Structure formats: structure tokens, C-alpha cells
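Here the working numbering runs 239 ahead of the position in the sequence shown, where the first position is 1.
Bear in mind the hints are in silico, worked out from the structure with no lab data behind them. You may find that some hints are simply not true.
[Stated by the list, open to error] Straight-line alpha carbon distances no greater than 30 Å define the calculated DSBU-like cross-link-like pairs of lysine-lysine that follow:
#1 Lys613 <-> Lys554
#2 Lys656 <-> Lys668
#3 Lys579 <-> Lys254
#4 Lys613 <-> Lys420
#5 Lys565 <-> Lys656
#6 Lys464 <-> Lys268
#7 Lys565 <-> Lys579
#8 Lys268 <-> Lys295
#9 Lys420 <-> Lys446
#10 Lys348 <-> Lys254
#11 Lys502 <-> Lys554
#12 Lys565 <-> Lys507
#13 Lys506 <-> Lys420
#14 Lys613 <-> Lys446
#15 Lys295 <-> Lys506
#16 Lys438 <-> Lys464
#17 Lys411 <-> Lys446
#18 Lys252 <-> Lys507
#19 Lys411 <-> Lys263
#20 Lys554 <-> Lys572
#21 Lys613 <-> Lys502
#22 Lys656 <-> Lys572
#23 Lys607 <-> Lys420
#24 Lys507 <-> Lys268
#25 Lys554 <-> Lys608
Just so we're clear, the structure is a prediction, and the values are computed from it rather than from any experiment.
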Amino acid sequence: MKIKTPDRDVLNKAKMANFNRAAKTAPAKNWVDWLVRQTLAYEAAHDPRKRVRQRKAHDGFEAAIGALGADLLRAYGHEEAEGFMYRPMHREELADTFVTSDSFDKLIKFWGGLGWLEMTGHINSTDDWEGQDIPGYSKVRRYRATASFVASAQEFQLTPDTMTDNFEISHKHADLVQVRKTSRRAYGQKTSGQRVRPKGPKVADQKRLMQRLNQGLLAHTYSLKEPPMMRRLFNCADRAGFDFNLGGRFYCISSDNWMDMPKPERKKIMIDGETTSEIDVSASHLFILYALHGEHLDYGSDPYRVADYPREVIKQIVVSMIGAGKVPERWPKDFNAAYKEEHGHLPNDDYKLKDVVTAILRKHPILKKLKKDKLDWANLQFEESECFLSTMLELHELYDVTSLPIHDSLIVRQSDKTMAERVLGQAYKFRFGHVPKIKTA
240 MKIKTPDRDV LNKAKMANFN RAAKTAPAKN WVDWLVRQTL AYEAAHDPRK
290 RVRQRKAHDG FEAAIGALGA DLLRAYGHEE AEGFMYRPMH REELADTFVT
340 SDSFDKLIKF WGGLGWLEMT GHINSTDDWE GQDIPGYSKV RRYRATASFV
390 ASAQEFQLTP DTMTDNFEIS HKHADLVQVR KTSRRAYGQK TSGQRVRPKG
440 PKVADQKRLM QRLNQGLLAH TYSLKEPPMM RRLFNCADRA GFDFNLGGRF
490 YCISSDNWMD MPKPERKKIM IDGETTSEID VSASHLFILY ALHGEHLDYG
540 SDPYRVADYP REVIKQIVVS MIGAGKVPER WPKDFNAAYK EEHGHLPNDD
590 YKLKDVVTAI LRKHPILKKL KKDKLDWANL QFEESECFLS TMLELHELYD
640 VTSLPIHDSL IVRQSDKTMA ERVLGQAYKF RFGHVPKIKT A
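Start from the sequences, fold in the hints, and give me the full structure.
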């Protein structure tokens with residue numbers, strides 16, 4: 240049932256539904272069976288089919304019902320978004336889930352008629368295909384379970400808080416490896432890159448690597464809502480010479496995303512009942528850029544301490560250079576907003592961007608080697624991700640040590656900190672010939 244669009248600030252906090260969960264407990268299976276019976280009865284009464292579904296199609300429709308039900312129930316507990324979730328309906332994006340675009344259309348219609356689901360009109364969404372929220376110009380509806388839908392789950396002892404205990408992510412539908420084209424901009428907003436589906440042995444190899452990593456994670460316990468699971472994302476597949484060598488970062492796809500947690504919250508994570516440490520590679524991308532040109536980043540002084548400029552200003556401009564593959568012509572939009580919130584005015588009121596850039600290039604002339612779409616963030620990110628991949632696999636398979644990545648850092652048990660630092664340093668040295676500065680975040 241369509242409702243009047245609520246407050247947009249609330250709707251913008253909605254999370255994307257993944258449609259990758261299946262019932263694993265008896266209460267969950269019984270609830271899904273009940274949902275299936277009610278849905279099919281509604282279909283027969285209001286939109287009867289000309290032909291009976293074949294067995295495979297019937298099983299797929301049941302799986303879609305379970306996956307949609309699980310995500311609606313989970314989203315209902317997201318108070319900041321007032322229970323709303325969203326999901327774009329592109330066929331390519333739904334291909335690795337339990338829900339097809341056809342079944343999604345039908346279930347939205349049927350469940351609206353049953354009084355189980357509310358939906359808004361189309362409004363802007365944020366894209367989190369990469370496991371992170373990126374402002375994007377895409378318009379999608381928001382969906383929310385009704386009180387009667389949640390009440391039906393409660394009759395089977397299911398609640399939003401217990402959803403992850405009763406529904407598990409299907410490894411087959413977890414979409415462990417994604418490949419996307421270059422992100423674009425529309426109406427001043429960044430949009431996620433179009434999904435592509437390359438086939439062949441390299442895709443299979445990447446999936447096997449992710450299965451090994453995720454299997455290793457399952458061998459330990461965590462103070463998270465459910466066992467962690469990750470995917471790997473390769474970017475810029477439309478660049479000349481793409482060969483699974485651009486991007487490649489790891490992203491959380493389980494419900495309790497440690498990567499989104501503020502640092503104080505991450506510090507509370509326990510592994511196997513033990514406190515943890517987060518080890519971090521200092522100026523990782525800058526270190527790699529130097530190494531790719533046969534040079535060594537000097538850690539004698541902080542790489543982000545340049546002249547008398549604040550460290551935050553220098554770091555943001557360096558990050559902007561690497562991200563764009565060129566010298567910035569204006570202050571980064573997000574940094575402008577953050578700076579104004581903290582200082583009450585824009586950075587341009589305090590510093591000339593041209594002078595800041597000149598000072599940075601004087602200290603790090605290697606940044607002049609950057610070239611858009613040739614040597615930029617995507618290349619450096621891949622090199623970094625390969626170091627973290629080899630580190631995580633070695634820690635798990637040789638030492639039974641688990642780790643949770645956060646791009647350029649790792650969360651490990653406190654007792655494993657020294658070993659993890661050594662293995663990570665060796666991974667960088669093997670690839671680049673030098674060991675970066677590794678510190679506790």
C-alpha cells in the first residue's frame with residue numbers, strides 16, 4: 240500500500256535490503272511457510288495465474304518470500320529510519336539474490352493488498368553497493384513492514400532483534416565477488432558503477448579466495464550480532480587493461496558492519512572472548528605510490544605534516560589527489576562541509592588551495608606521477624588489498640588467527656597483535672621491497 244512520503248531525512252537513513260537470507264530455525268521456517276500459504280491464497284483470489292508454477296519456479300518464489308520477509312522484519316527494528324528499507328529493482332543487481340524483479344513486483348503488490356507492507360514514492364537514495372553509503376542520484380521507493388506483518392512474525396517467536404538468529408545468509412546468494420564499471424556523476428552526485436558479470440577462471444579463483452576467507456572467519460566467535468562475512472569489490476572494469484587489478488577492497492555483508500562503526504565502538508569488539516587491537520598502515524596509498532616508482536616514503540616525519548598547515552587539511556588534499564588522479568581545482572565538497580561544521584567557516588577562508596597544493600607537491604613530488612584513469616586510487620587500492628588478502632589468509636591458515644579488515648587496517652585479538660603486524664609488514668615488503676609504518680589505530 241502506497242503511503243504519503245514521510246520525512247526525507249528519515250528515509251535517507253534507510254538501509255538497502257540484500258535479499259540473501261534463508262530461514263534456518265524451525266520458528267523461521269514455520270513463519271515462512273505461513274507467509275507462503277497466505278501469499279498464494281491472495282494471488283489465487285486476486286491475480287490468478289493461467290498456469291501452475293513449475294517446481295523450480297515455485298521453490299524460487301518461496302525463497303523470495305522468505306528473503307523479503309527477513310529483510311522487512313530486520314528493517315522494522317531500524318528506529319532511525321522508522322523501519323524503512325529500500326532496494327533498487329535492476330535485474331542485474333537482483334541476479335545474485337533470492338528475489339527476481341518479477342517476484343519483487345508481485346510480492347510488493349500482494350503484500351500491500353494483505354496489509355503487510357507500506358511503500359513511498361520514488362525518492363533519491365544512497366548507494367551502498369560497496370558496503371559504504373555514497374550519495375547517489377538514484378530514485379527508489381522505500382518499503383516498510385506494517386504492524387500486522389511484524390505481529391505475524393511474533394506469533395512464531397520472531398522479532399526484529401532475533402532475525403539474524405533465525406535467518407542465515409546463503410553463501411550461494413551472498414555475492415562474494417562483485418565487478419563494476421567506473422562510478423559516474425549525475426546532477427552533481429556520484430553514482431555507483433554499473434554491474435558487470437565477467438566469466439572465466441579468474442572470477443572462479445576470486446570466489447574461492449573469498450570462500451576461504453569467510454570460512455576462516457566462521458572458525459571463531461565475535462561480539463557481533465552474527466558471524467562476519469565479506470565480499471570483494473573490483474572497480475573500473477571499463478578501463479583499458481582491466482584484469483581484476485583495480486579496486487579489490489573487502490566489504491562487510493553481514494548485518495553487524497564493523498566497518499561502519501565509530502572507532503570507540505570498534506574498540507569494544509571481542510574475538511573469542513578476548514579484547515582486540517586495530518593495527519593500521521600509516522599513509523598506505525602514499526607509501527604504495529612511492530614504492531611503485533622505486534622510492535621509499537620517509538616516515539622520519541609525519542607524511543601529512545606539511546609546512547604550518549593543519550594535518551587534517553593536508554591529508555584531505557592528498558586523499559583528493561589520489562582519488563581524482565590529479566591536482567584538485569577546488570576544495571573537496573565533503574571536506575568543506577566537515578570543516579565548516581567544526582570551525583564555523585570554509586577552509587578557503589583560512590587557506591588558499593593553490594598554496595596548499597604547492598606545499599604538498601614540494602614535500603611529495605611523487606604525487607605528480609598520478610594520472611586519472613591510469614594511476615590513481617583504483618590502482619593503489621588493488622595493491623593495498625592484495626597485501627591485506629595475503630595477510631588475512633596467512634594468519635588464518637598458518638596460525639589460526641582471525642582478522643577483520645577495515646581497508647587499511649586490521650582488527651585482531653590483543654594477543655595476536657605482534658604477529659599480525661609482522662605478517663602484514665612482510666606482505667608489504669614482499670610486494671614492494673619495503674615495510675611501511677604499522678601502528679595501533
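Structure-based check of all given hints:
1. Lys613 <-> Lys554: Answer holds: Lys613 to Lys554 is near 22 Å, not above 30 Å.
2. Lys656 <-> Lys668: Status holds; Cα separation ~18 Å.
3. Lys579 <-> Lys254: holds (27 Å)
4. Lys613 <-> Lys420: Cα-Cα ~15 Å, so holds.
5. Lys565 <-> Lys656: Between Lys565 and Lys656 the Cα gap is close to 36 Å, so the pair fails against 30 Å, i.e. violated.
6. Lys464 <-> Lys268: The hint holds at about 20 Å.
7. Lys565 <-> Lys579: holds (25 Å)
8. Lys268 <-> Lys295: holds (19 Å)
9. Lys420 <-> Lys446: With a Cα-Cα distance of about 19 Å, the restraint between Lys420 and Lys446 holds, given a limit of 30 Å.
10. Lys348 <-> Lys254: Roughly 21 Å separates the two Cα atoms, so the pair holds.
11. Lys502 <-> Lys554: holds (19 Å)
12. Lys565 <-> Lys507: This hinted pair is violated, its Cα atoms lying about 39 Å apart.
13. Lys506 <-> Lys420: violated (35 Å)
14. Lys613 <-> Lys446: Cα-Cα ~26 Å, so holds.
15. Lys295 <-> Lys506: The hint is violated at about 46 Å.
16. Lys438 <-> Lys464: The hint is violated at about 34 Å.
17. Lys411 <-> Lys446: Given that 30 Å is the threshold and the Cα spacing comes to 11 Å, the pair holds.
18. Lys252 <-> Lys507: holds (24 Å)
19. Lys411 <-> Lys263: holds (15 Å)
20. Lys554 <-> Lys572: Since the Cα atoms of Lys554 and Lys572 sit roughly 15 Å apart, the hinted pair holds (cutoff 30 Å).
21. Lys613 <-> Lys502: violated (33 Å)
22. Lys656 <-> Lys572: Not OK: Lys656 and Lys572 at ~37 Å, beyond 30 Å, violated.
23. Lys607 <-> Lys420: holds (25 Å)
24. Lys507 <-> Lys268: violated (33 Å)
25. Lys554 <-> Lys608: Given that 30 Å is the threshold and the Cα spacing comes to 18 Å, the pair holds.
In terms of the numbered hints stated before, the structure departs from hints 5, 12, 13, 15, 16, 21, 22, 24, listed from lowest to highest.
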